[in-house]
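K.L.:
Protein sequences appear in the order of chains Y and U. For reference, each letter of the first sequence is one residue, going 11 to 123 in our numbering. For reference, each letter of the second sequence is one residue, going 898 to 1013 in our numbering.
Note that these hints are calculated values from the structure, not bench results. Keep in mind that the hints are not guaranteed to be accurate.
[To be verified] SDA-like cross-link-like pairs, simulated, lysine to any residue; straight-line CA separation at most 25 Å: (1) Lys47(Y) x His926(U); (2) Lys66(Y) x Leu21(Y); (3) Lys47(Y) x Pro936(U); (4) Lys47(Y) x Leu910(U); (5) Lys81(Y) x Pro936(U).
[Said to hold, decoys possible] Negatives, chain Y to chain U, calculated, CB over 10 Å: (6) Gly53; (7) Thr55; (8) Lys81; (9) His82; (10) Thr112.
Everything numeric in this text was worked out from a predicted model, so none of it was measured. Even for Gly, the Cβ is constructed at its ideal location relative to N, Cα and C.
Next come the chains, spelled out residue by residue.
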Amino acid sequence: DQQVKQNSPSLSVQEGRISILNCDYTNSMFDYFLWYKKYPAEGPTFLISISSIKDKNEDGRFTVFLNKSAKHLSLHIVPSQPGDSAVYFCAARSQNAGNMLTFGGGTRLMVKP
Amino acid sequence: NAGVTQTPKFQVLKTGQSMTLQCAQDMNHNSMYWYRQDPGMGLRLIYYSASEGTTDKGEVPNGYNVSRLNKREFSLRLESAAPSQTSVYFCASSEAVAGTYNSPLHFGNGTRLTVT
């Protein structure tokens, strides 16, 4: 059973608009959440993270929101740019799982010019 | 700045053949990891090495072995490849415990392995 789920395999957005990528989790022991971006034929690169003691973290055009009661996090990209077109993975770390990150299945974002 | 380097980039094996995937990092990171990526499954941890001299199983270790050769290098071996091991394999490193503040994973560009 997947503990981290990204229920939308793909998302298409017009350039300049907001992109919202969603992620749900089931493990209440997760205490740190990360988003990674992946271009074709490259490895994932770290984008932004949030600790479970916060509900929002912002870095330029990227903002991550965490709703612990709903076990839901989202990544907002404003404004979206064609270069943002990639696969986005959310990941979570459990307090008692040491070095293990649990990843979601990914969402492919396409930003149309 | 090479970061994390994986070799080879592509490999085709026949069932039962063996091979070793190589990984090296030049960031002086303590921890290294091997993940596999399958469609819709995200990245799943195969093995990791929290520090030089230690290795531990991840979520999907069966059919694999690893060696932390030194601080820079972490190899993944398939002793008898099976079609279920067809996947994209990523090596990663981090300064400290994965996912902790200021210690994100840094990934290589992957090895695409096909087992026929």
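K.L.:
Next step is simple, just say for each hint if it's right about the structure.
P.N.:
Going through the hints against the structure:
1. Lys47(Y) x His926(U): 21 Å, holds
2. Lys66(Y) x Leu21(Y): 22 Å, holds
3. Lys47(Y) x Pro936(U): 16 Å, holds
4. Lys47(Y) x Leu910(U): Violated, at roughly 29 Å.
5. Lys81(Y) x Pro936(U): 24 Å, holds
6. Gly53: 3 Å, violated
7. Thr55: 7 Å, violated
8. Lys81: 17 Å, holds
9. His82: 17 Å, holds
10. Thr112: Violated: least Cβ distance 8 Å, not greater than 10 Å.
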